[in-house]
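Visitor: Next come the chains, spelled out residue by residue.
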Amino acid sequence: MSLGGITGNVTALRVTVGILVALAFVPLLHNSYYENLGRGILMYATLSLGWNIIGGYTGYVSFGNVVFFGLGTYTSAALWQHWHQQNIALAVVCAMAVGIALALVLGVPILRLRGHYFGIATLGIALATQEIVANVDWLGAGSGFTVRPLEAYSAYYYAMWIVCAASMLATFLIARSKLGYALVAIRENEEAAAVLGVDPTRYKVTAWAISAAMAGAAGAVFAGANAFIDAPTAFALDNNVFPIVMAILGGVGTVAGPLVGALILTAINETLWSHFPQIHTLFFGAVIVLVVMFLPRGLLWLLNLRGGWKGLRASVGAYRA
Amino acid sequence: MSEFLSIENVAMYFGGLHALDDVSFDVGRGAVLGLIGPNGSGKTTLMNVISGVYKPTYGSVRFNGKRIADVPTYAVCHLGIARTFQVVKPFANLTVRENVAVGAMYGRNGHNRGAHASFERAQELLEIVGLARVAGRWASDLTIPDRKRLEVAKALALDPEVLLLDEVMAGLHATEVDEALELLRTVNGRGVTLIVVEHLMKAIASISTTVVVLAEGKKIAEGAPAEVLASPTVIEAYLGTRYAERQRDVQP
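For the record, the sequence lines run as chains A and B. My numbering numbers the first residue of the first sequence as 1 and each following residue consecutively. My numbering numbers the first residue of the second sequence as 1001 and each following residue consecutively.
Mixed in with the good hints, there may be bad ones.
Every beta carbon over 12 Å from chain B, so not counted as near; a handful from chain A, in silico [unchecked claim]:
{"no.": "1", "residue": "Gly18"}
{"no.": "2", "residue": "Leu150"}
{"no.": "3", "residue": "Ile264"}
Stretch by stretch, here's where chain B covers chain A in the computed footprint (C-beta under 8 Å, at least three residues) [claimed, not checked]:
{"no.": "4", "region": "172-185"}
{"no.": "5", "region": "190-204"}
Calculated from the structure, these hints are not laboratory results. Backbone N, C-alpha and C define an ideal beta-carbon position, used for all residues, glycine too.
Based on the sequences and whatever the hints tell you, model everything.
Guide: Set out below in structure tokens:
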């Protein structure tokens, strides 16, 4: 039997793993621009992979995953500020634990909500958490935290690479396991899934916890690399919206989609930024609108398309009212 | 009083609408119960109550001595009750085989079945229901009769003791109905109790050991197929008073 149908296109996955391996060598260029760019791609890919578990595989669109990223950065920063811990692995583990704990506590009540009600609840949580954190003295309140970076600065690059690769591997393993099928069954039809013995609440909460762990891990590494954390940085709107757009651009509910989306969107963003600094967000917004209008199932999905242009037009039509 | 499956004074109200009103009957182990009634008589609602999708307003359902009215949907299936949906609900973006495998993974025996074994089980069931030829297709590509077959295969993947079949023969042509009946007999022969909702009287008459008739949410008849289907009350409920009167006039 071939790879399970829910890992996505196999060729695309192989190529993407190749890209990921190539990204591991970026620090050897000793060029801080490329290193920062590469670390950004890996970070967004991780956030997008995290979002993809709950939003792509389970079909519950979260607009609040930045909460887990933000709390991850604060966990890392607090470890340095209060206990002088610079260990990246420790920060990552603690940030994942914080994310999982919060996802479990919040998930049980709000994952009982269906579809867009869940999305609205997560958005509320994201806004509320930012306000709360910005007012807690122990977390630096309004003025934020400085984090002393490690001497070996590339350690953050490699850490982000490991976090991203681990998230992709986890997604692959989930997509090939019974868990993956429970999530997809819930996405496809929650009532039918329940009748087949899938406990929807249990698996939705599990999916969100995994999603949170990935976002938290990315946040923990980001804090050290960024050297400074305050609430607007940690809970930035970009960190909430970009990962969603990346997953949609690459292909929701596939293993490779998020990294592909992160690469392409980062490339577009950088190009627009350098050529049209004043109006680059306008262009960026236009790209998002075009993707949603013409590629609702992402670029990777085009590889599976039959019937050339006709097939494409028919499939886009299927998403129109 | 049967110990196996009892519907006890079940009532289901949606606001002022009494979809089911004080319905009671028993189903013996290994029986085939035909559940019939005109459109809107509460058949599907009753299926939803038995499978745990709806909690009844009053009354209860007892299965193997256990009250299941308050058991969540997914757990009802673990107890051994499976159902198909009248309005089919395939997982459109999964293949036909994957659709069935989900049932094998999370059904009654799912906890001791891995992903691989579940796919093998799914393949076996697809052969039984006649879908092996389309096992690798997307479920969204299936024709309506094949979607009905898929519903049956998914329900069978749960290794049920009781199988609720909600109009799985609707839209099938005569040969396909015969095939479906043959399949149901095979399933029943393996000890699975069936509750069959169907509009095709011929099918109901040929397969059922008992028939229960619902009209406007109330049970109006219960008994052996031949006598129930000939009963004037049932004919009246289905075809209206005037038709029943005419029948009475024609007959001596």
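Visitor: Just pull the numbers of the violated hints for me, sorted ascending.
Guide: Violated hints: none; all satisfied.
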